[in-house]
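In case you want the letters, here they are:
2 protein chains.
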Amino acid sequence: MAVATNPLLDDRDVEVLLDEVLDLGSLLSLPYFADHDRHTVGAVIAEARRFGREVLYPAYRELDLAPPRLVDGRVVVHPRMHELWRQMVAMDLVAAPRPNAVGGQQLPLVITTLATAYLMAGNCAAYGYLGLTQGAAHLIEAFGDAHLRDEYMARMYRGEWTGTMALTEPQAGSSLSDVATTATPTADGHYLIRGSKIFISGGDHDFADNVVHMTLARIAGAPAGIKGVSLFCVPKRRLEGGALVDNDVAVAGVIHKIGWRGLPSLALNYGEGDDCHGWLVGEPHRGISYMFQMMNEARLMVGLNGVSTASVAYQEAVAYAKTRPQGRPLAAKDPATPQIPIIAHADVRRMLLRQRAIVTGGLALLVKTAWYADVAGHGADADRARAGLLLDLLTPIAKSFPAERGFEANALAVQVHGCYGYSSEYPVESWLRDQKLNTIHEGTTGIQALDLLGRRAVAGGGAALRAWIEEVATTCARAADAGVPAAQIEAVRDASQRVGALTMELAGRGLRGDADGMLLHASDYLELFSIAAVAWQWLELAAVAVRGLAGGASGAKASHYRVLRAAAQYWIATEVPRIDHLARLCASAEDSYAMVAADDF
Amino acid sequence: MAVATNPLLDDRDVEVLLDEVLDLGSLLSLPYFADHDRHTVGAVIAEARRFGREVLYPAYRELDLAPPRLVDGRVVVHPRMHELWRQMVAMDLVAAPRPNAVGGQQLPLVITTLATAYLMAGNCAAYGYLGLTQGAAHLIEAFGDAHLRDEYMARMYRGEWTGTMALTEPQAGSSLSDVATTATPTADGHYLIRGSKIFISGGDHDFADNVVHMTLARIAGAPAGIKGVSLFCVPKRRLEGGALVDNDVAVAGVIHKIGWRGLPSLALNYGEGDDCHGWLVGEPHRGISYMFQMMNEARLMVGLNGVSTASVAYQEAVAYAKTRPQGRPLAAKDPATPQIPIIAHADVRRMLLRQRAIVTGGLALLVKTAWYADVAGHGADADRARAGLLLDLLTPIAKSFPAERGFEANALAVQVHGCYGYSSEYPVESWLRDQKLNTIHEGTTGIQALDLLGRRAVAGGGAALRAWIEEVATTCARAADAGVPAAQIEAVRDASQRVGALTMELAGRGLRGDADGMLLHASDYLELFSIAAVAWQWLELAAVAVRGLAGGASGAKASHYRVLRAAAQYWIATEVPRIDHLARLCASAEDSYAMVAADDF
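Which chain is which? The protein sequence lines are G and L, in order.
One point on numbering: in our numbering, the residue at position 98 of the first sequence is 98, and numbering is uninterrupted.
One point on numbering: in our numbering, the residue at position 388 of the second sequence is 388, and numbering is uninterrupted.
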């Protein structure tokens with residue numbers, strides 16, 4: 001029924017980002033990345049591509065159809081997941097960006113981002129275990145002591161055990177200050193953990209010996225709120241005398257999710273038998289700030305998942321639209337003529353180009369964000385702080401844009417398939433289900449909006465924002481050099497300046513004590529900033545495309561440039577003009593929903 | 001887990017539409033509706049409300065979880081459906097708007113629309129059988145001969161048999177001119193039907209004795225294309241000597257849909273044994289024009305379903321938001337204070353008010369459309385033609401707006417529920433699945449857009465459009481009388497005039513032979529017209545609300561008016577300004593997706 005193979009991502013998009021948009025050479029010349037060159041990083045991506053297409057994607061449907069089950073209190077996953085895990089681990093990706101000293105490969109995040117996109121597009125649930133394990137191990141690497149690093153981090157980086165992030169409780173989702181799980185110190189150095197967590201992805205399974213829960217809890221006597229939350233390493237089984245024994249983390253239930261169905265989401269009860277040991281990571285009461293490392297990484301992973309999930313559906317929709325005959329051109333009404341493929345209809349091409357604008361624009365943004373992360377971590381000293389500011393600024397956008405617009409793209413991919421898209425015999429509906437989680441987990445879109453406007457865009461007196469406006473200006477200059485139409489360049493430049501001016505205006509409101517007024521349209525602010533940020537990336541891509549076409553590209557390369565050029569035009573013509581309206585809403589603090597009392601609903 | 005009861009619709013919305021927006025008295029004074037008064041029509045709605053809430057809604061989940069199965073070549077539905085069907089039929093709704101002469105009650109469509117909304121919101125799949133039966137019987141009533149009326153229509157109106165619309169074939173979905181099912185005349189008056197249909201909703205089941213398929217097929221020797229398609233009545237079982245015998249309509253497969261799971265969607269094979277009898281309805285080769293009656297009715301039903309499906313989810317989201325505690329006000333960071341219900345957060349109220357704007361605005365538009373249908377069919381002679389023009393003009397909008405925006409509203413209802421919304425233990429995800437079909441069936445949104453701009457908006461030299469602009473002007477005058485802010489009135493008036501001017505401009509392009517350029521942005525045209533049409537309805541509601549509040553309304557009535565006033569402000573402030581941008585796209589024929597060759601993708 002479905003197209004038998006799916007390329008998952010457009011390979012040329014990946015090549016263009018690596019070789020024409022970014023200055024990869026300058027990145028690879030940094031000492032931290034000294035082991036790598038264009039050839040080796042290309043091989044990493046090629047291997048992920050192959051594995052995504054040939055192994056993960058063919059297993060996607062099976063995992064979706066037979067989600068993990070609770071058997072005798074433990075989670076049993078699809079048998080195929082056992083072998084997928086072994087194969088993923090063998091690709092050496094868990095610790096790929098981490099230092100050689102901890103078993104990593106010191107790969108740029110730019111490269112692991114692109115490699116991961118293929119894995120996520122192939123099978124988001126299967127990849128999920130790996131991403132969570134990576135984040136959990138990295139937390140211990142950054143903040144844990146030697147015991148935790150040896151006993152837990154190393155095994156997770158080797159893929160022997162997996163990891164989770166255990167933050168949410170039934171009463172503490174968006175509000176982590178309400179975490180109520182307790183940790184009681186013992187004389188033996190560990191703590192006794194008691195409490196309940198919920199929505200713990202990958203919280204149990206049967207394909208590895210152990211699961212390590214990076215768990216937020218409160219030490220007895222800790223201050224109320226966020227400043228009294230500590231981070232603990234709490235394994236499913238603990239090592240005693242060289243053997244793994246049960247650590248009293250019970251699976252209280254499997255939550256039946258509508259997507260990501262290969263990855264269980266669990267309710268966990270810690271310490272029902274008063275025998276759940278946890279080890280403090282770092283200092284007491286600093287758990288939230290530590291966890292933010294994992295959350296920031298996880299937010300970029302969610303954004304990348306949004307891009308990947310939209311991408312695989314887009315690829316499916318393109319293939320379907322090229323092969324499904326239906327109807328005739330507007331001007332050719334002779335019913336005796338053969339039908340044409342639906343891609344020949346303007347509105348179908350509109351739906352495809354819109355998906356493409358979201359997918360490739362989102363991917364470019366994620367890769368650019370990874371670039372800033374690479375420079376912030378390993379760049380020349382003079383470059384690090386600025387890159388860190390940009391990374392921090394762009395993270396909520398890179399998380400929420402692919403989630404929100406990716407869902408729209410996935411709905412369009414269903415729409416292109418018509419009634420067939422509404423049938424579970426075609427895979428396109430499953431990605432729509434998968435995508436919906438991305439606007440919710442790791443901070444809802446509403447939380448991202450408050451974080452962006454209330455914190456990141458105004459931090460340091462607007463230094464991050466100024467740096468971003470400079471980056472846009474650099475792109476504009478490059479686009480002008482390449483011969484991109486001036487109107488497109490102006491539109492993007494104006495958009496970045498509009499974002500700057502609006503931010504200053506809203507920040508002023510906040511400084512005058514009106515935080516509610518400042519943040520009332522935070523969601524509109526997030527949306528307009530996202531449109532502008534993606535337009536900036538499209539301008540980069542337009543520059544590449546225009547230069548390439550002017551340089552006489554032909555064949556498939558020229559086709560690719562033409563699509564990029566058209567998608568850039570599409571985004572700048574159809575989305576950028578919306579910024580003006582959204583900015584007015586923010587600035588006017590339009591008060592319709594502010595003024596309705598809760599009881600009136 | 002889920003809220004135990006759900007009101008399905010806001011009862012006050014229904015009352016306000018009936019008693020304050022519409023002049024129901026003038027409608028009920030028409031001779032056709034002479035049997036009814038405010039009391040009796042209120043009782044019809046009250047009974048549907050009760051049945052929807054107490055019977056259909058509690059059965060919704062069961063039907064979703066256990067969809068129809070194919071057993072020995074026939075479809076077996078959920079056992080509960082048997083009793084639901086009997087109860088729905090007992091409510092006498094199948095023929096409710098039809099004349100007494102055919103067993104109907106001569107109820108205004110305004111009333112059946114509101115009653116039906118409760119049924120659809122309670123259980124769209126269960127209602128689906130009834131809606132399809134109504135449409136099929138009405139086709140025979142309008143175009144069938146006495147034999148068909150006696151043998152089929154009467155039994156369907158009585159609910160003894162059910163009906164379907166059998167248009168789509170594997171190669172003929174949006175393109176009905178490609179229908180290939182054949183009908184060969186016999187000496188006995190019937191035709192022998194051969195062919196395959198697909199996506200036939202309610203195409204088989206086991207709760208009634210027979211299913212009557214209103215089937216498009218081609219008589220041997222008919223012209224190619226749409227002008228060679230005839231309409232046939234093809235029962236699952238035919239009457240022979242007073243007994244029902246099999247009529248050779250085989251169920252070739254059940255399509256596994258992602259929503260509407262209580263209603264099977266089937267592939268049917270006619271005449272595998274060369275013994276499928278069909279009876280011509282009306283004249284040969286006029287099937288498409290007949291079917292358009294059913295399709296126009298079905299499109300309004302789809303729109304109403306969109307509203308209803310968004311409404312039940314909105315009600316669920318409001319109830320959840322009022323009771324789910326999470327977080328604290330921006331200004332109150334003391335973690336020792338209790339958490340507040342999430343409805344207290346501005347962004348949650350934004351999501352709720354946006355849903356409300358879509359739901360109530362959509363319902364008002366559907367009810368207004370039903371009003372035009374009532375006047376077109378039964379009004380004073382002088383009023384009929386104009387009402388018919390307005391009905392015709394608004395039908396694609398009333399179909400597609402609730403489908404497209406309803407899907408957005410349903411996604412917001414999930415979002416309000418956070419991770420819980422992503423779980424199938426809460427019902428809110430199921431309505432998101434249900435809703436997705438509405439942008440596809442009975443003509444995709446793309447088809448509606450072409451139909452609106454290419455045909456309906458320009459028909460009769462723009463007479464329908466001029467009538468609509470007059471209707472908007474009347475509403476503006478009413479709103480001014482009531483004291484609605486002048487800026488809101490101006491915005492809606494300007495929007496209607498912008499639609500008019502744009503339509504003339506695009507029509508001119510078409511007249512000059514550039515149909516492609518005229519229709520390139522048909523989807524944007526549909527969207528901007530929809531925004532304007534819903535704004536028109538919100539202005540009506542704002543007038544009612546402002547007048548009611550000025551008149552000293554108190555308590556729940558005042559609460560309701562305040563929500564309406566706020567939602568009107570929201571829609572006019574956040575959506576109407578988008579019209580300008582969309583109109584520019586249409587007028588400029590922005591060519592990004594036009595210029596990409598299919599092969600370039």
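A portion of the hints provided could be inaccurate.
Heads up, the list lumps identical chains together, so a pair's fine if it works in one copy or across two of them.
[Unchecked claim] The calculated DSSO-like cross-link candidates involving lysine-lysine, where the alpha carbons are at most 30 Å apart (straight line), are:
1) K333 x K322
2) K557 x K322
3) K333 x K557
4) K227 x K333
5) K557 x K227
6) K227 x K322
These are calculated hints, taken from the structure and not from any lab test.
Against the structure, the hints come out as follows:
For a Cα distance limit of 30 Å, the shortest separation of K333 from K322 inside one copy, 20 Å, qualifies, whereas the shortest one across copies, 55 Å, does not. For the homomeric pair K557 and K322, the shortest alpha-carbon distance inside one copy (19 Å) is at most 30 Å, but the shortest distance between copies (55 Å) is not. In the homo-oligomer, the alpha carbons of K333 and K557 never lie at most 30 Å apart, since the shortest distance is 35 Å inside one protomer and 55 Å across protomers. In the homo-oligomer, the alpha carbons of K227 and K333 lie at most 30 Å apart only across protomers (12 Å), although the nearest pairing inside one protomer, at 70 Å, exceeds that limit.
For the homomeric pair K557 and K227, neither the shortest alpha-carbon distance inside one copy (54 Å) nor that between copies (45 Å) is at most 30 Å. Within a single copy, K227 and K322 get their C-alpha atoms only as close as 56 Å, which misses the 30 Å cut-off; across copies the closest is 28 Å, which meets it.
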